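Colleague: When you get a sec, could you build the whole thing from the sequences and use the hints?
Each chain, letter by letter, is given below.
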Amino acid sequence: MPVDLTLAQLSNELVYASMAAYACALVAFAACLAARPGRALEPAAAPAGALAAQGEGGVGTLTRVTSGPPAPPAPPASPGRRAGNIGLALTWLATLLLGGGVLLRGLSVSRPPFGNMYEFSIASALAISAAFLVLSLRRDLRFLGLFVTLPVLLTLGLAITVLYTDAEQLMPALQSYWLVIHVTLATICGGALCVAAALTVLYLVVDVGERRTRAGRAFRLAPLVDRLPSAARLDALSYRVTAFTFPLWTFTIIAGAIWAEAAWSRYWGWDPKEVWAFITWVAYAAYLHARATAGWKGRRAAYLGLVAFACFLFNYYGVNIFFSGLHSYSGL
Amino acid sequence: MAGHSTATAAAPEPGAAGLSTAPAEDPSGPRGLGPVGWLRWTWRQLTSMRTALVLLFLLAIAAIPGSVFPQRTQNLPAVNDYLRDNPTWGPFMDRLGLFEVYGSAWFAAIYVLLFVSLVGCVLPRTVTHLRTLRQPPPPAPRLLGRLPEHRTTTADADPEQVLAQARQALRARRWRVRTGSDAVSGWVAAEKGYARETGNLLFHLALLGILVAVAVGSLFGFSGKVIVKTGSGFADTVSQYDEFSPGRLAGADQLPPFSMTLDAFHADYQRGGRQNGAPRSFEATVTSKETPDAAPVTTTVEVNEPLEVSGVRMYLTGHGYAPTFTIRDRSGQVVFHDTVVFLPQDGNFTSTGVVKVQDTDPPFALQGIFLPTAAIDEQRGPYSSFPAADNPAVFLAAWTGDLRLDTIPNVYRLDTTGMERVGIKALTPGQSWTVPQTGHRVSFDGFVEFGAFSVARDPGKLPALVASVLAVLGLALSLLVRRRRVWVRARRAADGSTVVEVAGLARSEHATVAGDLDTLVAALPGPDPGP
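The listed protein sequences correspond, in order, to chains C and P. Just so we're aligned, residue 969 is where the first sequence starts under my numbering, counting upward by one. Just so we're aligned, residue 2 is where the second sequence starts under my numbering, counting upward by one.
Derived from the structure by calculation, the hints contain no laboratory data. One or more of the hints may lead you astray.
[As the list claims (entries may be wrong)] Here are some, though not all, of the chain P residues that point toward chain C, as calculated from beta-carbon distances under 8 Å:
{"#": "1", "residue": "T48"}
{"#": "2", "residue": "M50"}
{"#": "3", "residue": "R51"}
{"#": "4", "residue": "L54"}
{"#": "5", "residue": "A61"}
{"#": "6", "residue": "R73"}
{"#": "7", "residue": "Q75"}
{"#": "8", "residue": "S224"}
{"#": "9", "residue": "R275"}
{"#": "10", "residue": "Q276"}
{"#": "11", "residue": "P280"}
{"#": "12", "residue": "E303"}
{"#": "13", "residue": "V304"}
{"#": "14", "residue": "T318"}
{"#": "15", "residue": "A457"}
{"#": "16", "residue": "A472"}
Keep in mind the model is a prediction, meaning the values are calculated, not measured. Glycine residues also receive a C-beta, built at the ideal position from the N, C-alpha and C atoms.
Modeller: Below is the structure:
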């Protein structure tokens, strides 16, 4: 099958265009964070509290009273909000451009775009950004935009400079439909875990900030902490994303094992990539267990989550670059 | 009444302890207990979450050296090279098991402890869970308003009517429902999400299943490697394997009596571009027979498509070239005629091999390099510049002297100590060369391609797959299902209206019952819409 150079070129241009859009989105998200009113300035839970007081008074009002967590007050349209919306719109645009780039890359060689490390990387960047957008459909994640577009840009930058490989056909070992299943899953997991890791880092920062504030001490990142959700919310969010991804990551490894059985005669052989997939899995399992263990909840569990993500990253970059094994498809 | 104490006890703490479904842990050591107490304490420590966490840690760390150092099971030559290059530390590391990490005693110790800890944790929980599954949800706490998540509303309907409707609404949403009444009011208690713990237990038990399946595979399965030249065959007996590793309980006599011949081998490579010479397809045409008397079946074996014959899978894992030589002695008598496998040394199939002829005078040997696309370079000497056979040639060195076949059985290596080199020559297919000093005449007749195959049978494969799928299923249930309880109390207020209290408690981490409460409240008869 010949390589369609026009499509390959167009794919590269779309990747560049998406980078430009991500860069603009990053600026917009930074502006959003800078201009966002601090938590202290946001309207407090007063309205809900007032309703509750009414209810307890037993006055025969017909109001349905909420005394759980207060409903989020309608945020006023602020410049920060507007910047955040622009950031989100730009991220959608950039993601569509990047999606086009990945798609055309595959079409240019008539195969799934998972043949080498450049292709894995642009697909991973797409996955990070898509995971963020999917999550932001249901909740306000504008505060996270900056911390997601940054790794997306870093991944893409590394891909087009260091990892770039011309579009070519696949080597025989990769010619299997498991390529689509196994690598797509791995990429989605990478995207989601990256978002979870960004949330975990923010949780650790905010947690320190909240402790210092309670202790009445100064904190250099206090302005940032004021602009972020509470530590509890960040922690819960990052846990949910990880808990959703962990079964997916388990299935990725199983799909890889099924493929390995067809290609290499055994489903598990402790190839370096398999070893690190296993280590990553065990590390995330430890994170999930730590959250249910007294003395490990909170910060220590969060550090474990970051160690686990570091293992994931090492499995991607480190194993491809430093170790030789059966998963040698980086094209480097 | 009986409900009293139960109701108070069942009102779960809003704190973390009440949210976890894990059994409580006792970190304190045994106090003045005998050996039984110590045993019990040790068991409790081993099965605690904290220990499981430490063991998970250790398992992850212990797996690392296996990716850093070469491993015997994957790359024996690399281990031997490492030992040769590191004479001081190598043997010490070898004794520590660093070249066989995943078969080492310490790695096994960690995972065995982990699984013992797992069993110790999961079995009691299974018993508890089975009991819970047969029990109705606990009665409603007295003061629903004290729970962190609650709603209060009024209704015009009777309390009984409200409760009946609540019960119906909850049943319709597949909650497990219990009703009752106490001194405060009538109540409905409901619980949902039992699948969370079911999934959790299923996952952990499935992990045990995977361990057993792996053990079965390594005990009763076998794997081997064999090189088959085009036009040659292979019958499934131990002596025909180049490498054979049976499971500890797999008898060599259990090999199925299949045979196969490699009819043709075809490889395609990329021509031009930055990935010039990269392989694009390998295809082996193979004729196989289940038994010596069975009808032959011709199939194509590719990299991701192994040959399946009588329960054994045969995988194409590599290929290379095998040149054919005829060697005649001084008198013209043929002393050697065979096709010899040359092992590829690089991506362009610069291949090396050896021919040893003991029964001739003087003993004679050839050391050769086969080049599918011959090129020569002042720095590198002869090398191959492309993997396909575009311009095949062999570069030969002839040796004479003691071949020491008894001490060096390796067919791919020649130890030239004490031997004398009697000539070097490059030949293309069809050319011949007479070695002047010994009078041997070497003909390079041609070459064929060979396929390297892995042969494997793993009876634990299917059980491992089933257990893995169950594990993922259990994992998904245990992480995505939320376990929660809700309670409804309805009582008549002083003014005649009905006060409805609804409260809920999430029993799993970060779950929220707010949505459940809202749905439930919406399904209940509301207050009179009038002013």
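Colleague: Hint by hint, say whether it matches the structure.
Modeller: Verification of the hints:
This hint is violated: P:T48 has a C-beta 13 Å from the nearest C-beta of chain C, more than the 8 Å allowed. At its closest, the beta carbon of P:M50 sits 4 Å from a beta carbon of chain C; the interface hint therefore holds under the 8 Å criterion. Because the beta carbon of P:R51 sits about 6 Å from the nearest beta carbon in chain C, less than 8 Å, this interface hint is met. With its C-beta approaching chain C no nearer than about 5 Å, P:L54 sits inside the 8 Å limit, and its interface hint holds.
Hint status for P:A61: holds, given a least beta-carbon distance of 4 Å to chain C, under 8 Å. A distance limit of 8 Å between C-beta atoms decides the matter here; for P:R73 the minimum to chain C is near 11 Å, and the interface restraint is violated. The restraint placing P:Q75 at the interface with chain C holds, with a minimum CB-CB distance near 6 Å, inside the 8 Å limit. The closest approach between the C-beta of P:S224 and any C-beta of chain C is roughly 7 Å, which is under the 8 Å cut-off, so the hint is satisfied.
Because the smallest distance between the Cβ of P:R275 and any Cβ of chain C comes to about 5 Å, under 8 Å, the interface hint for this residue holds. At a threshold of 8 Å, the smallest CB-CB gap from P:Q276 to chain C is about 5 Å, leaving the interface hint in force. With its C-beta approaching chain C no nearer than about 6 Å, P:P280 sits inside the 8 Å limit, and its interface hint holds. Contact between P:E303 and chain C, as hinted, is supported at the beta carbon level, the nearest pair being about 7 Å apart and thus within 8 Å.
For P:V304, the suggested interface contact is upheld, since its CB lies about 4 Å from the closest CB of chain C, less than 8 Å. For the restraint placing P:T318 at the interface with chain C, the shortest Cβ-Cβ distance is roughly 7 Å, inside the 8 Å limit, so the hint holds. Because the beta carbon of P:A457 sits about 5 Å from the nearest beta carbon in chain C, less than 8 Å, this interface hint is met. Nearest Cβ of chain C to the Cβ of P:A472: about 7 Å, under the 8 Å cut. The hint holds.
Of the hints listed earlier, those the structure fails to meet are numbers 1, 6, in rising order.
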